[in-house]
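Novice: Here is how the chains run, residue by residue.
Number of protein chains: 2
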Amino acid sequence: MEDIIYGRNAVLEALKSGTRTFNKILISKSVHPSEKINEIIDISKEKGILFQFTAKENLSKYDEYNHQGIIALVSPIKFIELEDFLSKEHQNSRIVMLDGIEDGQNLGSIIRTCVCAGVDAIIIPERRTCPINSTVEKASAGAINHIDIIKVNSPVSAIQRLKKSDWWVIAAEAFESDNYYDVDYNNMNFVLVMGAEHAGVSKSILKLADFKIKIPMLKNFNSLNVSNALSIIIFESVRQKLISER
Amino acid sequence: MEDIIYGRNAVLEALKSGTRTFNKILISKSVHPSEKINEIIDISKEKGILFQFTAKENLSKYDEYNHQGIIALVSPIKFIELEDFLSKEHQNSRIVMLDGIEDGQNLGSIIRTCVCAGVDAIIIPERRTCPINSTVEKASAGAINHIDIIKVNSPVSAIQRLKKSDWWVIAAEAFESDNYYDVDYNNMNFVLVMGAEHAGVSKSILKLADFKIKIPMLKNFNSLNVSNALSIIIFESVRQKLISER
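Sequence order for the protein chains is A and B.
Each residue of the first sequence is one higher than the one before, counting from 304 in the numbering used here.
Each residue of the second sequence is one higher than the one before, counting from 304 in the numbering used here.
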């Protein structure tokens, strides 16, 4: 099994993270020279990773990807186990659980936001989630290599397991719920559950939630994109944390 | 000139808004029946808009779009003039200006967020911005029909014009700036300027800014996607507004 990473940012971030094994990097001879390409070459040399300059035509089999002239063939993402994650010490830790996000762009963008917000791990269910593929890696701008990703068979069992270890469960839900900024996110370990754009968080998880939160809208329009909704909520927790530390 | 709108949400929202002239709606005979499709048919009947059920093959020329079996041929978006916008009365009004956003997905997603946040208008420059096409309309989930879009030749002149009318200028800038949540967004008309992902807000606009704000990151990673960054900032202004009204 081999993954493809494409585009300067995604390749560079994967290299820097040191969490992936690189089999080969292919660079088009006609690529625009840039600082990032130079950095990729420098790190490859330093780490003894094979890289090849090649004719543009040789990359044509990858043209379904918007590869900007650079492709890396790497080992797949390593997932971690929920138990391994929980065996570490946690204080004011934050997990994001995605309940059925099927769009690769959204998934990548959510991972990127989670890394910027210092989220500790992302839980994704095996089923009803888009695979972690090149699109996700690209949309995450390589962020996927900087955060623990936990795959679970059953999101409900994972939530029950977290509750047993005194994690608080916060579910984003559009109706009959508190405003997201009225929750005090400090001084607890919490898991924030975001649902699919149309279906929302599943009923069985809503039942287990300690808080159900919504983002109040100023205009009566259907809703926010899930990646934007997550950004708004998780950065409210960052805001509260930074203000409490003043 | 005719625009194509595709996908259930985008078509439905354009119909509801009443801001577009529909020439024709094409629905694939093999489309999954759904509440939204029924609503589209009901509104079309009510408004006397031509709709046709057609064999899937007849939509094949639109297959570059992820159309979910529904296509509408409509009049182009109507833009409004900055002077016309300013001639209305404004109190605690909010504009978002996009300085060089070239990705259609991002642009659509930003428009959707702006509508949810009750932003009054979006200013986009004629040049260095992706065209308002079907991709943008789809990514906005039809939100583009629910907000004033102002196209300007020169973003700098537009900012100068706004300042002349006492609008405050807030620019998002990653370095040497205030945290976005330390600005008091109430009791002023403001324009929030968001820059392109790599280049940021142009220097000539930064010079005119009353506030330069950043989103503090908890992990040293390159940056947020521009659509997520906008969501975080604009919903902080919503949060402040709703809290001040309690």
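Misleading hints may appear alongside valid ones.
Any copy will do: because identical chains look the same in the list, a pair fits if it lies in one copy or spans two.
What the hints assert, rightly or not - The calculated EDC-like cross-link candidates involving lysine to aspartate or glutamate, where the alpha carbons are at most 20 Å apart (straight line), are:
| hint | residue 1 | residue 2 |
| --- | --- | --- |
| 1 | Lys-517 | Glu-476 |
| 2 | Lys-544 | Asp-485 |
| 3 | Lys-544 | Glu-360 |
| 4 | Lys-359 | Glu-500 |
| 5 | Lys-517 | Glu-548 |
| 6 | Lys-522 | Glu-548 |
| 7 | Lys-544 | Glu-305 |
| 8 | Lys-381 | Glu-338 |
Hints were generated in silico from the structure; no laboratory data involved.
Novice: Give a verdict on every hint.
Specialist: Each hint tested on the structure:
no., hint, result
1, Lys-517 / Glu-476, "within (5 Å within a copy, 28 Å between copies)"
2, Lys-544 / Asp-485, "both (14 Å within a copy, 14 Å between copies)"
3, Lys-544 / Glu-360, "neither (51 Å within a copy, 55 Å between copies)"
4, Lys-359 / Glu-500, "neither (39 Å within a copy, 26 Å between copies)"
5, Lys-517 / Glu-548, "between (26 Å within a copy, 18 Å between copies)"
6, Lys-522 / Glu-548, "between (34 Å within a copy, 16 Å between copies)"
7, Lys-544 / Glu-305, "neither (39 Å within a copy, 50 Å between copies)"
8, Lys-381 / Glu-338, "neither (29 Å within a copy, 41 Å between copies)"
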